[in-house]
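Colleague: These are the residues of each chain, in order.
There are 2 protein chains.
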Amino acid sequence: MPSLFDIAAIGNAIVDVIAPASEAFLEAEGLTKGAMMLIDEAQAQALYKRMAPGVEASGGSAANTAAGVASLGGRAAYLGKVADDQLGEVFAHDMRAIGVDFRGSPLAGGPATARCLANVTADGERTMCTYLGASVELRDDDVDKEVVEGAEILYLEGYLFDPPAARRAFAKAAGLARGAGRKIALSLSDAFVVDRHREALLGFISGQVDIVFANEVELLSLFSTDDMTKAMAAIVELTAIAAVTRGESGSVILRGAESLPIKACPVEKVIDTTGAGDQYAAGFLFALAGGRSLDACGRLASLAAAEVISHYGPRPQVSLRELASSKGL
Amino acid sequence: MPSLFDIAAIGNAIVDVIAPASEAFLEAEGLTKGAMMLIDEAQAQALYKRMAPGVEASGGSAANTAAGVASLGGRAAYLGKVADDQLGEVFAHDMRAIGVDFRGSPLAGGPATARCLANVTADGERTMCTYLGASVELRDDDVDKEVVEGAEILYLEGYLFDPPAARRAFAKAAGLARGAGRKIALSLSDAFVVDRHREALLGFISGQVDIVFANEVELLSLFSTDDMTKAMAAIVELTAIAAVTRGESGSVILRGAESLPIKACPVEKVIDTTGAGDQYAAGFLFALAGGRSLDACGRLASLAAAEVISHYGPRPQVSLRELASSKGL
Chain A
1 MPSLFDIAAI
11 GNAIVDVIAP
21 ASEAFLEAEG
31 LTKGAMMLID
41 EAQAQALYKR
51 MAPGVEASGG
61 SAANTAAGVA
71 SLGGRAAYLG
81 KVADDQLGEV
91 FAHDMRAIGV
101 DFRGSPLAGG
111 PATARCLANV
121 TADGERTMCT
131 YLGASVELRD
141 DDVDKEVVEG
151 AEILYLEGYL
161 FDPPAARRAF
171 AKAAGLARGA
181 GRKIALSLSD
191 AFVVDRHREA
201 LLGFISGQVD
211 IVFANEVELL
221 SLFSTDDMTK
231 AMAAIVELTA
241 IAAVTRGESG
251 SVILRGAESL
261 PIKACPVEKV
271 IDTTGAGDQY
281 AAGFLFALAG
291 GRSLDACGRL
301 ASLAAAEVIS
311 HYGPRPQVSL
321 RELASSKGL
Chain B
1 MPSLFDIAAI
11 GNAIVDVIAP
21 ASEAFLEAEG
31 LTKGAMMLID
41 EAQAQALYKR
51 MAPGVEASGG
61 SAANTAAGVA
71 SLGGRAAYLG
81 KVADDQLGEV
91 FAHDMRAIGV
101 DFRGSPLAGG
111 PATARCLANV
121 TADGERTMCT
131 YLGASVELRD
141 DDVDKEVVEG
151 AEILYLEGYL
161 FDPPAARRAF
171 AKAAGLARGA
181 GRKIALSLSD
191 AFVVDRHREA
201 LLGFISGQVD
211 IVFANEVELL
221 SLFSTDDMTK
231 AMAAIVELTA
241 IAAVTRGESG
251 SVILRGAESL
261 PIKACPVEKV
271 IDTTGAGDQY
281 AAGFLFALAG
291 GRSLDACGRL
301 ASLAAAEVIS
311 HYGPRPQVSL
321 RELASSKGL
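Heads up: the sequence lines are chains A and B, in that order. Per this note's numbering, residue 1 is the first one in the first sequence, and the count goes up by one each step. Per this note's numbering, residue 1 is the first one in the second sequence, and the count goes up by one each step.
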């Protein structure tokens, strides 16, 4: 069947509130640097009150990836839930304006659009506290059959393992994609998410996932080990391709016995690492859907990640298609 | 009387939606590059739909200036009206988080918080379309006597001449400040604002204003001339100090027969000029309230403006106090 989309992404639809923070602030708030923790609405309000002035930008891990694919000139669709409020309007606008197919209707009368309070330290590292709000109201009814069956690759974020209803949507989507002979990609998202849902993630990966994205800490957590060699050997037993990101050291792409190191693209100054992994996935999946080599996938992934960490906000600020073309990719 | 604040600013409380745009987009939308035009809610929705994905950041000319003064370590208060909605909450948070005294209560049951749709071209120039929403509901009741009488300098934006109720608030504040022996500063804001309200502005300046901020186009418009020498001679007849900004050519400070040229601070790359004039005013007024020389006022003004044009968004992203101190200012 010819495809309608290069990727269909499913995730928590979130607006980011991004503000600079000191290391002392993280400590005083009891936040683990670099991690994502879930908070309720009251905690979100209390933390927001103490945060520095910031900017708001549409986020959400898989949504950022969909936006990145669209920016690269790919055909991307996104499934996620916002509320019928101002931030929901912003989220929907930003998806559609970048060219992502986003057809879900906003939730009325429920919780507000999800917010991620991202505190960015001077080294560019982001520490996130997420109020899931309306995003957890994503149901299996919201999984559009035409979209999922029509996409070359279904992309899922590990964060979706947290809300129980979303996990059912996740399972339905995976079933549809598998039935239509499509590929399934998964991002592990966060070491604490992996820790909370290790068995479920392992089961899902070994049964259905073709491509896994993880950073080193997440991969170690998945296999409860501190030995990277073991973890890398273990992941290729479960899935066809694994891309392991290593921050400024670049990444390693694993396929069976193959291990392909990819350099990070140099960045003048790292401003905000929010969205680095998401844009890495965007570059990788866009190239993979286009039938490119693993090396080409890795290089486009690195380029997309480099663009996003050089400014505040989790999505590209320039056309990634033009950027890639200017670099001969 | 000892002062409570260095400046009290009054203006339209606005959240900016900032997105990149091409010259062709401005033309297709019939927008005059670099200007601010007022639009209604329906126009705002229609334009927003066609705009590129963006980021949201608290804005509003005088509010940006108050934020800049606070970032410099000054005591700033702000009077302006937001609605009881998500963007209103963002605006209030950002003011308080940077240390500005913002005591007004949000408007319930009326129009939404004001939005400025700022389209930024590749040269960093911003073209603005503003839906004034709740901001025009600022009334003379909202003018807090304690705040206005307690501030060394009352700072007003020319944009306030557009909404009739706000103009009454403006007049009340000027009367209170004058009665308490305080200084009054005014920004001309925009050439079209000047064109719409030329006589009223001239009357107000000659009667009550001590410090005028204007760019060259605004100043020429105020005196309906195309001769800068004439315009500069005319403004010093009406007010004690005038600061005329000239983009990358710097600025000129006028006081009586004195004319003091100030260099622009070099910027690696101009990203977004939104807020340049507002931060210039912040640096200038903070130094002036501290009894510094006109030269010192101008240099701090240039530094604050340079910081804000080097990133998206109309307010400082670093502590201007630390930046100034690192530059020996």
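You may find that some hints are simply not true.
To be verified - A few chain A residues that face chain B, going by a derived Cβ cut-off under 8 Å, partial list only:
| hint | residue |
| --- | --- |
| 1 | 22 |
| 2 | 24 |
| 3 | 26 |
| 4 | 47 |
| 5 | 51 |
| 6 | 55 |
| 7 | 57 |
| 8 | 86 |
| 9 | 97 |
| 10 | 101 |
| 11 | 121 |
| 12 | 179 |
| 13 | 183 |
| 14 | 229 |
As the list claims (entries may be wrong) - Covered stretches of chain B, going by a simulated chain A footprint (3 or more residues, C-beta under 8 Å):
| hint | segment |
| --- | --- |
| 15 | 86 to 95 |
| 16 | 141 to 152 |
Simulated from the structure, these hints should not be mistaken for laboratory data. Every residue gets a Cβ at the ideal spot worked out from N, C-alpha and C, and that includes glycine.
Colleague: State the violated hints by number, sorted upward, taking the hints as numbered earlier in the document.
Modeller: Those not satisfied are hints 1, 2, 3, 4, 10, 11, 12, 13, 14 and 16.
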